[in-house]
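Participant: Residue strings, one per chain:
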Amino acid sequence: MNKPAASPAAARRAPNPAHLALLPMALTALVVYLGSMLWSLRISMSSSRSLPMQDFVGLAQYQRLFANERWLHSLHNLALYTPLFIAASLVVGFLLAVLVDRQARAGGLLRAVFLYPYALSFIATGLIWQWLLNPELGIQQAVHGWGFAGFRFDWLVDQDRVIYTLVIATVWQGAGLVMAILLAGLRAIDADILRAARLDGVPAWRIHVSIVIPMLGFSFATAALLLLTAAVKLYDAVIAMTQGGPGTASEVPAKFIMDHLFGRANIALASAGATIMVLTAVALLAPLLYARRRALRASR
Amino acid sequence: MPVALKRMIVATLLLAAGSAAGAAGPRAEVMHWWTSGGESAAVRTLADAYRAAGGTWLDSAIAGSEQARAVALSRIAGGDPPTAALFNASRQFRDLIDQGLLNNVDAVAERDHWAQFLPASILDAVRVNGHYYAAPVSIHMPTWIWYSKAAFRKAGIAAEPRDFNELFAALDRLKAAGLIPLAHGGQAWQDNIVFRAVLANQGGAALYLQIFRDRDARAIASSEFRAVLTTFKRLHSYVDAGSPGRNWNDATALLITGRAGVQIMGDWVKAEFAGAHQDAGRDYGCIPGFGPRSPYIIQGDAFIFPKSSDPQALRAQLLLAGTVTSGAAQLAFSSRKGSIPIRADIDVHTLDPCAQLGVSIMKDRTRQLGNDESYLTPDQNGAMADVLTDYWNRDRDVAAVQRNIAAALRE
Chain G
1 MNKPAASPAA ARRAPNPAHL ALLPMALTAL VVYLGSMLWS LRISMSSSRS
51 LPMQDFVGLA QYQRLFANER WLHSLHNLAL YTPLFIAASL VVGFLLAVLV
101 DRQARAGGLL RAVFLYPYAL SFIATGLIWQ WLLNPELGIQ QAVHGWGFAG
151 FRFDWLVDQD RVIYTLVIAT VWQGAGLVMA ILLAGLRAID ADILRAARLD
201 GVPAWRIHVS IVIPMLGFSF ATAALLLLTA AVKLYDAVIA MTQGGPGTAS
251 EVPAKFIMDH LFGRANIALA SAGATIMVLT AVALLAPLLY ARRRALRASR
Chain P
301 MPVALKRMIV ATLLLAAGSA AGAAGPRAEV MHWWTSGGES AAVRTLADAY
351 RAAGGTWLDS AIAGSEQARA VALSRIAGGD PPTAALFNAS RQFRDLIDQG
401 LLNNVDAVAE RDHWAQFLPA SILDAVRVNG HYYAAPVSIH MPTWIWYSKA
451 AFRKAGIAAE PRDFNELFAA LDRLKAAGLI PLAHGGQAWQ DNIVFRAVLA
501 NQGGAALYLQ IFRDRDARAI ASSEFRAVLT TFKRLHSYVD AGSPGRNWND
551 ATALLITGRA GVQIMGDWVK AEFAGAHQDA GRDYGCIPGF GPRSPYIIQG
601 DAFIFPKSSD PQALRAQLLL AGTVTSGAAQ LAFSSRKGSI PIRADIDVHT
651 LDPCAQLGVS IMKDRTRQLG NDESYLTPDQ NGAMADVLTD YWNRDRDVAA
701 VQRNIAAALR E
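From first to last, the protein sequence lines are chains G and P. Residue numbering for the first sequence follows our numbering, beginning at 1 and increasing consecutively. Residue numbering for the second sequence follows our numbering, beginning at 301 and increasing consecutively.
Worth flagging that the hints you see were computed from the coordinates, not collected in a lab. Note that CB positions come from ideal geometry on N, CA and C, so glycine has one too. Each hint should be verified, as a subset may be incorrect.
[Unchecked claim] Just some of the chain G residues that point at chain P, by a computed CB distance under 8 Å: (1) ASN16; (2) PRO17; (3) HIS19; (4) SER50; (5) PRO52; (6) ASN134; (7) PRO135; (8) LEU137; (9) HIS144.
[Said to hold, decoys possible] These stretches of chain P come out as covered by chain G in the derived footprint (C-beta under 8 Å, 3 or more residues): (10) 364-371; (11) 384-398; (12) 447-454; (13) 655-663.
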């Protein structure tokens, strides 16, 4: 909005130092990210197994991919997981942010406590979740020990419910980040608006629903964007908690890709899967990015 | 003083350089995944043997077999290969041979007459088109049936089960005694081991080979194979609720503490028992299979030797191939690894009773069978494991499972 006024000719002569400074990063992004993507696309159209090959087999790997029951099941699991994970993280994160915001004294401490899970490696915390949720070791066993023999909480070993345990554990991890983003948004809201509403006798819940949440649009969109990318690449939680099991009940696309890339020595099929994941992510992210930009414009 | 110090440093550096140049024996960077306590003690015996033979062993250990192989593959593809890398003696390195990326060690293999003492399935894996591309180091047997003597006593089981009927009877008694009958880790590869144990012992060697080696559609659709799948599924009713996702060593711990009766797993569990100061024959029993003709499934590990621009590499590789397969190195290595030696021509009375039992079975060549990986590509093997773990965990129509296995092996 307030660019320095320079003649077009002068701009052409002297390159913008900011652009120059960003050049290495831009090159890295182009060569490493885009280059790797194109390389994966190329490999996905070859018959490569353990080593890259330069032949061309068209879309045969994609045909094989979509005939594969485990891949389809992985996509189904991700479709179930993603909306639940994002919705639950946003709701829990928002409630935490409001809680922290209203605590003048303990706010700083609470913020650190809630953000802490995000700072821990999920490979470590996932193992603890596995123990907690294991019916023979964890919560179920403890409640039995207190005398409630009928209590059942065995979702981790239940074919149809295991995916929800992944939602629980990853929301625990992700909600702190949402809280931090929304808290920053909350603090940026003009205190006079809230004071005026309070003077008018508007109840606190109504202030949050009708004023705060609409004004947090940009923060919500940012959080949703981060959560969506986290959901699509869901991998470490599965590895640490279920290894895709019981059976294939908690398989996800990223694990399918990693398994075929290394253990099953089929990098062509893995690359086809990776390409599909990139396309899916772009298709999902584009509307979100658009919404985020609109929210940003609206907030100015 | 500073000048004197400087001179001293220079002299020391020169001395170090001189001694390095003097020890210009073969240098081998060896990549492997043997990182647990017992495993690293085992690999140290190989390093010692290599040093004693005049070589320099550069240890490059990477935790996790898949990761280690992935790193080795990418270094080979990137033109910076290690001198030797550990793979399973299987089809895992067939692509590397086909693309001409491996050196052969024919000179050593023919000098030491490998063809005379290697089991057929190992020989088939390391010898391709008449050339030897890998040096085998160990033979594991993945489908042993282990049992806790304390648990058997508690359940009143007097004799070792000798067939599947007796095994199921024993499992029923264990269940009645309030113990976990079958200690099982519900991970796809462990489900797969239980399946192979049933296929080899109930289906027999002929059916085993028809399924894995021939990928015979008629055998997969047969009623014998259906019976194997039914027995496999029946074993699932003897696992506890905590089984899904459990690690194999946690399952072994259930046997060690006497809370569970039986585990079907490879002979690497002996390291867990040894770690808890339990002895074969006294605290736990090992059943290699049912009946006097039960097959012995061979899961081998072998070093491969990537081609390199370094002219010294081949010399180091040949020395390594000769050293790790020698009788003395094999004996020292096996006693720590829990495996049995790759050669039948050495005295094994120093090994534990289960290993001695294994060696005596191996003497009968007709009882040797390759592991699934010896016959299937990693991809086929993985697709089949997906079908089996799904069947183990869900209620599936057996006929549909047979069709899915046929589809998995068709690729």
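Participant: Next step is simple, just say for each hint if it's right about the structure.
Facilitator: Do the hints match the structure? See the list:
Nearest Cβ of chain P to the Cβ of ASN16(G): about 37 Å, over the 8 Å cut. The hint is violated. With its C-beta approaching chain P no nearer than about 37 Å, PRO17(G) sits outside the 8 Å limit, and its interface hint is violated. Hint on HIS19(G) is violated. Least Cβ distance to chain P is approximately 33 Å, over the 8 Å limit. A hinted interface residue such as SER50(G) counts as satisfied when its beta carbon comes closer than 8 Å to some beta carbon of chain P; here the least separation is about 4 Å, so the hint holds.
Look at PRO52(G): its Cβ gets to within about 7 Å of chain P, closer than 8 Å, so that hint holds up. At a threshold of 8 Å, the smallest CB-CB gap from ASN134(G) to chain P is about 5 Å, leaving the interface hint in force. Here the hint on PRO135(G) is kept, as its CB sits about 5 Å from the closest CB of chain P, short of 8 Å. Proximity of LEU137(G) to chain P holds as hinted, the smallest CB-CB distance being about 7 Å (cut-off 8 Å).
A hinted interface residue such as HIS144(G) counts as satisfied when its beta carbon comes closer than 8 Å to some beta carbon of chain P; here the least separation is about 12 Å, so the hint is violated. With 4 residues having a Cβ less than 8 Å from any Cβ of chain G, the stretch 364-371 of chain P passes the three-residue criterion, so the hint holds. With a cut-off of 8 Å between beta carbons, the stretch 384-398 of chain P has 3 residues touching chain G; three or more are needed, and the interface restraint holds. Counting residues of the stretch 447-454 of chain P whose CB lies closer than 8 Å to any CB of chain G gives 0, so the stated coverage by that chain is violated, three being the minimum.
Beta-carbon proximity to chain G at under 8 Å applies to 0 residues in the stretch 655-663 of chain P; the threshold of 3 is not reached and the given coverage is violated.
Hint compliance for this structure: hints 1, 2, 3, 9, 12 and 13 are not met, and every other hint is.
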